[in-house]
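Start from the sequences and build out the full structure, keeping to the hints where you can.
There are 2 protein chains.
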Amino acid sequence: MITFNDIGVGLGKAPLKKAVILLSGGLDSLTCLAKAQADGFSCYPLAFDYSQKHRAELHAAKHIAAHYAAPLKIFTVPALGQLGASALTDDQIDIPDYIGDGDIPVTYVPSRNIIFLAIAYSYAEVIGARDIFIGTSAVDYSGYPDCRPEFIKAFANMANLGTKAGVTGRPFNLHTPLIALSKVQTIALGTELGVDYSMSISCYRANNDGLACGSCDSCVLRKKGFSGAGFPDPTPYIEGVIV
Amino acid sequence: MITFNDIGVGLGKAPLKKAVILLSGGLDSLTCLAKAQADGFSCYPLAFDYSQKHRAELHAAKHIAAHYAAPLKIFTVPALGQLGASALTDDQIDIPDYIGDGDIPVTYVPSRNIIFLAIAYSYAEVIGARDIFIGTSAVDYSGYPDCRPEFIKAFANMANLGTKAGVTGRPFNLHTPLIALSKVQTIALGTELGVDYSMSISCYRANNDGLACGSCDSCVLRKKGFSGAGFPDPTPYIEGVIV
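If you read the protein sequences in the order shown, they are chains Y and Z. Just add 26 to the spot in the first sequence (first one is 1) and you have the numbering used here. Just add 26 to the spot in the second sequence (first one is 1) and you have the numbering used here.
Any given hint might turn out to be false.
Treat identical chains as interchangeable: a pair holds within one or across any two.
Below are the DSS-like pairs computed for lysine-lysine, each with C-alpha atoms no more than 30 Å apart in a straight line [unchecked claim]:
# : residue 1 : residue 2
1 : Lys190    : Lys79
2 : Lys79     : Lys43
3 : Lys249    : Lys43
4 : Lys99     : Lys190
5 : Lys179    : Lys190
6 : Lys99     : Lys79
In case anyone wonders, no lab produced these hints; they're calculated from the structure. The structure displayed is predicted, hence computed values, not measured ones.
Below is the structure:
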């Protein structure tokens, strides 16, 4: 039974502040949701169906949102599939194994975080949230330009100039609690918060059963995180993969 | 017959620079396309199907692109329809007559230009264009925050920090040739460039035959432009509307 007190109204308690959380279904966004909830926000996660090959992440996002009793909204953006030119959305481009040569990999999706954040702000504006959380990290990441602090800062500035809320005295706060954390530190933080990482899927080549390949960019970074943190890796891998 | 010379290659002539043009099908974006083409760009217009009620603008965009022999790309963004909360996309909110009280009207679509510009940049990155044109004006406009010069400048800065092209020494140029022009000046510029404004439709309530209501925000601004410029208004209005 929900009482007034449970939902933060009634006995003089202020209602929780709403926060919109970008939830891909991966390790970072799961940690980010757990952190926002631990910080006292009422969380509104959103995920994107952008014609990505790794559909398993959408199932993971649903699972995670249900676990945290947070209402998940899935927004559909076929435009990114129409654009193609990324290994994540284009059938003509295979998703490669981890290379780690410092170049931006072919899994880069042009303007992805700009589009996702813009929709997140739009959603925040509609539901009356002032806080947006994104789990980007500039430490252990794939070199995508739209994960770096310079970009995040410029986006936050731009969005407060381009939205009704921003220009009418109700600016948004863009939170990036993982921006300076390594994967090891993120996993340590999440574990402290009681996160069950078996719910998340990071793999770009995950199959329909949610099994990970173990060798793409995203798998390699995730595996390094668990081994560095000294925690058992709960990821279900495709049989035969040496982890 | 197309010769090498016509397409700018062959006799030592450099190929035209590609430009991506946001083409809503309205008066401003039509002028913007004409200007970019007159300035010597090879134009790649793009339009958006974002569940807007005024579908007539998509037909106008196709007509305009065909007229200028430019390949139109229509990107689909159902997310904006899913969000609703704007008179342009939400069946629960009627599109009002022009009010002009200085407030941001209910036709405001949260983050629309952020999302549209992000997709335009993405498209530019994919086709190898460095130039993007948008026909926003900060003079005769509906008060939308994402049409103001401060926003445009911040977006251009952010996007060069958040895209592969931007961070690898091939920054984008965001052109706003109409930003400081009144509607009268825009129509005068377009007329000088030979623009046929009967191809465009600005009305938020245009019917399926492409007839304009004559009384919404967008119609009123357009009508003032033609009367101020001293040119006949070629807009086909719904019968019975006094223009």
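Checklist entry - Which of the listed hints are not met by the structure? => result Those not satisfied are hints 2, 3.
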